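K.L.:
Residue-level listing of the chains:
Protein chains: 2
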Amino acid sequence: MTQKNRGILTVVSGFSGAGKGTIMKELMREHADCYALSVSATTRDPRPGETDGVEYFFRTREEFEQMIAEDALIEYAEYVGNYYGTPRTYVEEQLSAGKDVILEIEIQGALKIKKKFPETLLLFVTTPSAAELKQRLIGRGTESVEVVESRLARAVQEADGIEAYDYLVVNDVLSESVEEVHQMIRNEHRRVSRNINAIHNMRSELEDFMRHNEKGKEQ
Amino acid sequence: MTQKNRGILTVVSGFSGAGKGTIMKELMREHADCYALSVSATTRDPRPGETDGVEYFFRTREEFEQMIAEDALIEYAEYVGNYYGTPRTYVEEQLSAGKDVILEIEIQGALKIKKKFPETLLLFVTTPSAAELKQRLIGRGTESVEVVESRLARAVQEADGIEAYDYLVVNDVLSESVEEVHQMIRNEHRRVSRNINAIHNMRSELEDFMRHNEKGKEQ
Numbered sequence: 017m018t019q020k021n022r023g024i025l026t027v028v029s030g031f032s033g034a035g036k037g038t039i040m041k042e043l044m045r046e047h048a049d050c051y052a053l054s055v056s057a058t059t060r061d062p063r064p065g066e067t068d069g070v071e072y073f074f075r076t077r078e079e080f081e082q083m084i085a086e087d088a089l090i091e092y093a094e095y096v097g098n099y100y101g102t103p104r105t106y107v108e109e110q111l112s113a114g115k116d117v118i119l120e121i122e123i124q125g126a127l128k129i130k131k132k133f134p135e136t137l138l139l140f141v142t143t144p145s146a147a148e149l150k151q152r153l154i155g156r157g158t159e160s161v162e163v164v165e166s167r168l169a170r171a172v173q174e175a176d177g178i179e180a181y182d183y184l185v186v187n188d189v190l191s192e193s194v195e196e197v198h199q200m201i202r203n204e205h206r207r208v209s210r211n212i213n214a215i216h217n218m219r220s221e222l223e224d225f226m227r228h229n230e231k232g233k234e235q
Numbered sequence: 017m018t019q020k021n022r023g024i025l026t027v028v029s030g031f032s033g034a035g036k037g038t039i040m041k042e043l044m045r046e047h048a049d050c051y052a053l054s055v056s057a058t059t060r061d062p063r064p065g066e067t068d069g070v071e072y073f074f075r076t077r078e079e080f081e082q083m084i085a086e087d088a089l090i091e092y093a094e095y096v097g098n099y100y101g102t103p104r105t106y107v108e109e110q111l112s113a114g115k116d117v118i119l120e121i122e123i124q125g126a127l128k129i130k131k132k133f134p135e136t137l138l139l140f141v142t143t144p145s146a147a148e149l150k151q152r153l154i155g156r157g158t159e160s161v162e163v164v165e166s167r168l169a170r171a172v173q174e175a176d177g178i179e180a181y182d183y184l185v186v187n188d189v190l191s192e193s194v195e196e197v198h199q200m201i202r203n204e205h206r207r208v209s210r211n212i213n214a215i216h217n218m219r220s221e222l223e224d225f226m227r228h229n230e231k232g233k234e235q
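Residue numbers (this note's numbering), protein chains in the order written: chain G, 17 to 235; chain E, 17 to 235.
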């Protein structure tokens with residue numbers, strides 16, 4: 017039961033403003049030895065303060081389409097004229113080394129990954145209530161009706177497909193949510209379906225031992 | 017997201033000698049407010065020190081067969097001439113009240129329950145390795161080959177069907193195993209499929225809010 021398992025791929029999605037990014041940052045800070053955070057590639061321009069390879073890998077449209085052609089992305093999508101995608105090599109190297117990899121992507125990309133890799137763990141971060149989400153979407157009440165509308169439309173879109181997720185992270189107290197996510201992933205390592213080899217080995221050893229014991233009886 | 021969910025039914029099985037009983041006892045001691053332990057009914061005679069309603073409900077064969085006839089058992093089986101079964105009422109009352117119920121039964125009974133109630137959480141307690149299990153089965157080496165053989169046969173039987181289980185509890189350090197089981201059940205409450213109503217409510221509220229916002233724009 018002690019053999020090193022393959023790492024677990026976890027995708028974290030959630031409502032904008034539910035604190036997903038902060039949970040991820042804290043999780044990486046507290047458990048840097050457990051997790052590798054996958055960095056997405058994009059064709060959008062870096063914003064002030066963003067560094068290539070940290071927030072994103074910033075690529076030209078040509079470079080990105082080359083990656084698509086070479087099947088170098090686990091998933092990709094185009095939003096508002098820009099590509100976003102998950103580079104394959106880093107994820108696969110880390111998983112093979114037994115490291116758990118975390119991706120923070122939206123729900124449609126998450127569902128594509130789950131389809132390709134059914135063992136992916138899908139977590140969805142939400143506020144404790146719709147009322148709280150509304151409050152964050154409205155902000156201080158100084159936004160125009162149109163801005164609130166576009167945020168609401170985005171929230172509805174962000175939750176489309178949530179039924180396919182494994183666990184909800186109801187982000188009320190940050191430190192508790194970080195620990196919950198950590199426990200969800202630790203727990204996943206104990207899933208029977210992820211330990212089938214160890215179980216089969218244990219059973220074979222028991223059966224071998226039974227045969228030896230039988231021999232002892234015959235002598 | 018704060019609505020009271022139905023309790024979770026957890027079945028704990030495992031190899032004899034892997035420490036299943038001790039884990040359960042500690043779990044109930046540390047988290048008595050969270051869990052209700054279901055007591056099985058049996059037709060076997062009480063052993064010295066056993067109390068009706070504590071270790072088992074001790075019933076006559078006639079009483080037991082009456083329970084079977086009335087569908088008053090979630091599952092039952094006959095071993096070595098005695099019936100063993102899980103009374104239905106207690107389990108259903110506790111689950112409806114939102115209390116998590118734990119059953120400690122062997123794997124064949126567990127699989128029957130999982131078939132009837134697919135939402136049941138199945139946990140299997142094992143030693144860290146086959147070597148350690150063998151050691152416990154052999155004991156001090158003073159047992160006859162036949163006794164060792166029957167223990168081995170039982171262990172092989174106890175693991176038959178383990179692939180249908182959800183999680184392995186590798187019992188190395190008792191206190192850690194108790195905490196693991198507790199976390200597995202807590203975690204289960206956060207599963208998306210157990211929170212579908214809350215998710216649907218949240219989505220409706222968001223959509224209602226969108227409609228109201230639309231009206232605001234029209235005015």
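Hints are supplied without guarantee of correctness; some may be wrong.
It does not matter which identical chain is used: a pair holds within one copy or between any two.
Said to hold, decoys possible - Simulated crosslink set (EDC-like; lysine to aspartate or glutamate; CA at most 20 Å straight-line):
{"id": "1", "residue 1": "128", "residue 2": "94"}
{"id": "2", "residue 1": "130", "residue 2": "61"}
{"id": "3", "residue 1": "150", "residue 2": "221"}
{"id": "4", "residue 1": "132", "residue 2": "230"}
{"id": "5", "residue 1": "130", "residue 2": "49"}
{"id": "6", "residue 1": "131", "residue 2": "221"}
{"id": "7", "residue 1": "150", "residue 2": "223"}
{"id": "8", "residue 1": "231", "residue 2": "159"}
{"id": "9", "residue 1": "115", "residue 2": "165"}
{"id": "10", "residue 1": "41", "residue 2": "122"}
{"id": "11", "residue 1": "150", "residue 2": "81"}
{"id": "12", "residue 1": "128", "residue 2": "223"}
{"id": "13", "residue 1": "231", "residue 2": "165"}
{"id": "14", "residue 1": "41", "residue 2": "179"}
{"id": "15", "residue 1": "131", "residue 2": "159"}
{"id": "16", "residue 1": "150", "residue 2": "224"}
{"id": "17", "residue 1": "150", "residue 2": "94"}
{"id": "18", "residue 1": "115", "residue 2": "223"}
No lab work stands behind these hints, which were simulated from the structure alone. Since we're looking at a predicted model, the values are computed, not measured.
K.L.:
Each hint: holds or not?
P.N.:
Hint-by-hint comparison with the structure:
1. 128 with 94: within (14 Å within a copy, 48 Å between copies)
2. 130 with 61: Classified as neither; 29 Å inside a copy, 52 Å across copies.
3. 150 with 221: between (57 Å within a copy, 9 Å between copies)
4. 132 with 230: For residue 132 and residue 230, neither the intra-copy (46 Å) nor the inter-copy (38 Å) Cα distance is at most 20 Å.
5. 130 with 49: neither (25 Å within a copy, 37 Å between copies)
6. 131 with 221: Result: close neither inside a copy nor across copies, 35 Å intra and 30 Å inter.
7. 150 with 223: Answer is between: at 11 Å across copies they meet the 20 Å cutoff, but 60 Å inside does not.
8. 231 with 159: Cα proximity of residue 231 and residue 159: across copies only (16 Å, versus 82 Å in one copy).
9. 115 with 165: Neither, since 41 Å and 41 Å both go past 20 Å.
10. 41 with 122: Only inside one copy: residue 41 and residue 122 sit 17 Å apart there, 43 Å across copies, limit 20 Å.
11. 150 with 81: neither (38 Å within a copy, 57 Å between copies)
12. 128 with 223: Neither way: residue 128 and residue 223 sit 42 Å apart in one copy and 26 Å across, limit 20 Å.
13. 231 with 165: Between. Shortest inter-copy distance 11 Å satisfies the 20 Å Cα cut-off; intra-copy 77 Å does not.
14. 41 with 179: Result: close neither inside a copy nor across copies, 26 Å intra and 36 Å inter.
15. 131 with 159: For residue 131 and residue 159, the Cα distance exceeds 20 Å both inside one copy (38 Å) and across copies (53 Å).
16. 150 with 224: between (62 Å within a copy, 11 Å between copies)
17. 150 with 94: neither (27 Å within a copy, 57 Å between copies)
18. 115 with 223: neither (33 Å within a copy, 40 Å between copies)
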